[in-house]
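J.: The chain contents come next:
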Amino acid sequence: MSDIPPAGAQPTVAEKIFTFVDERVGLKLLAAKMLNESVPGGSRWAYVFGSILLFIFIMQAVTGALLMFYYVPTADHAYASTQYILHDVDYGWFLLSYHFWGSTAMVVCVFAHMSQVFLWGAYKKPRELIWLVGLALFALVMGFGFTGYLLPWDQRAYWATTVGVEIMDKIPIMGDFLARFLKGGPTPGQMTLSRFFVIHVMVLPAALIALAGLHLFLFRCAGPAGPFRGAPAELKAKTDYFFPRQIWKDVVGMAVVFACISAMAFWEPVVLLEEATPDPGDYHPEPEWYFLFIFQHLRLKMFSGEFGQFLGSMGLPGLLGVMLMLLPFFDRNPERNIFKRPFALIGWVMLTASIILFTVSAIINREFLD
Amino acid sequence: MQPQLKSKVRCLDREVGEVSRVIMDPLSHEVSHLVVSMNGAGERQVPMGAVQAVTDDLVQLRTSSSEVMGMQPFKREDYVTIHEVEIPGLEKHIHVTPGEVLVPFPELERNVKRRAFFANLTYVTGLFIGLPLVYPVMKFLMKPMYAPLDNGWLKVGNIGKIKTEDVGTQFQYKRKIKEVYMPEAEIEKNVWLVKATPAVLEKVYQGKDREFLDSSGNAIWTNKKDLPFLAFSGKCPHLGCAYKWRQHKVLGQVFLCPCHLSIYDASGKVLDGPAPRPLDMLPIQVTAGGEVQIIDMEFKAGTKSQTRIV
Ligand code: HEM
Ligand code: FES
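Chains as they are written, first to last, in our numbering: chain A, 1 to 370; chain B, 1 to 310.
Because the hints were derived from the structure by calculation, they are not lab data.
Be a bit skeptical, because a hint or two may be false.
Listed below are the simulated DSBU-like cross-link pairs for lysine-lysine, each with C-alpha atoms no more than 35 Å apart in a straight line [unchecked claim]:
1) B:6 with A:238
2) B:75 with A:238
3) B:75 with A:301
4) B:195 with A:33
5) B:6 with A:33
6) B:244 with B:155
7) B:244 with B:208
8) B:6 with B:143
9) B:143 with A:301
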């Protein structure tokens, strides 16, 4: 191997340290195992999203930890400490805005990653468990968005949470308990902030690290699914290892995402509204954009009344979730080519189109609210 | 039977050497080639197709020795060992090891009978540690969930502020709250007052006074049906946003909630939108000097009937 020095040459200090560790933990073998993962059919840009998600998560953890040096999660200081980060701490505006736009990027990339594995039929046997754990990760990402939104304690934060928790209250039987449990009382207040804070900075990150680890472990057990068409001989000819081509693509993807998030943080830094109170003044409550489509479809006449509301806020999203969970167990057809799976294709297009439609109409609707 | 390492390799004419390595196909997970060490004349890569039969210690080829000599020489640098690469499930297909690889079972372990018992003991111990914690942990987390209701009267302003009948006027007020360990704080809230014409009053009260009960069913207050002032909780009964008094193109002056566009008339009745019930009326008192007092109540949003939570 090339990294073994020629006989007789004195090893450098770095080489000695490396050999010392290698003898004890088998670094070379470990690195080889990590990097020599064969990618059937060769590396592709379509596979970059999982790695990008890991990258975004690490950056969120870093920026989040930095924000906690100043942020105080109490009803009387949360707003002031966030304003302090934005206006007084050097580069505070950048770190907070990076964290904010990072969360948006996370949602975008989770959607891209889900779409990729769905369209490629990568959830099918033997990858059912990867898909299930993936869905749990999706829920965690949404949980991060929902809990993090409250922390600045401005009007936007307060009202998004108020409405969000009221929606949770509509879960049959346990709703009231869950909503109070999450709020730590009948209405949003200090206890809500404490709870959301702990969930956002402790519970969810721990769960995400554990589940992402499991996701990757399962992914390694099954191996990459590879392209959805092509004869075995052709796939074999194009196969390469994770390193270097796929890692190169992943790294380019991460750099692009980093540049986009930084640019957004730079040009559209976070601006807080007034401090939270149960009196919104002229503010029109609205959730974060990736929840807008749910918010908007609740405006439809068909989701009015007690039952309609349950249907719109819990029933249909819940049904969609259950369908996605059951998908790999009902869709037993081994065909992975998306162009030979018309229902899957139509379903994906319709869902994506309606999410876009409702999101856009929610944005258009803003103008009509004086 | 799969070929064994160190097996002798025999051609049609003579023995040529022994199996020194085995090459797997990463896609089919089957053995694709044998590497034959040619008794000192280098190594050759023999495809499995050339193998006629495999027995315990012999691989019989269907080719001649000269054909094997002419086969592709084995180039080690074109391969990696299976320990250095991640191919899921590959190990399961390899039966080319020279038989089983064993280590002795420790002396002390040999006669342990109750393995299942000890395994279960671990779980039971875990349960004994975990279960008693469930109740205290739940109680710990649930402490602030159910706050007692407060039926105190709060001053919200003077009725003189209302100029027109059947028009919603917002009154802001402050409410003191003391949450757990926090210092007492004031939060801003609002209530909508309507100076109602008899027609609107009739719509609201339908000839009956409105009684407010506490959770055990005792009367707290009664809004008399002839008091021409109505107070509505500022919280939209749909999902808890705050609504406004607005001009609507078709319906005229209405209460409109910007969140999901529920619309209510001056009596609180739902005219349009997803709201499941009318606006929540609050207990109201007006002194001779026109000072308005209310009991600050909040009801659970999204339900047909009212459930008080504050
Ligand atoms: C924080 C969230 C997530 C992270 C960090 C993550 C990470 C990864 C990574 C690194 C891979 C390896 C290969 C690749 O990138 O395609 C992967 C594969 C996969 N992921 Fe995720 N993932 C997440 C969420 C999800 C979600 C929401 C789903 C679907 C519901 C999902 C389903 C899958 C599947 C089916 C594969 C296998 C793809 C294949 O074999 O081609 N993941 N994930
Ligand atoms: S909260 Fe008022 S309409 Fe939904």
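J.: Checked against the structure, which of the hints given earlier come out wrong?
T.: 3, 4, 8 and 9
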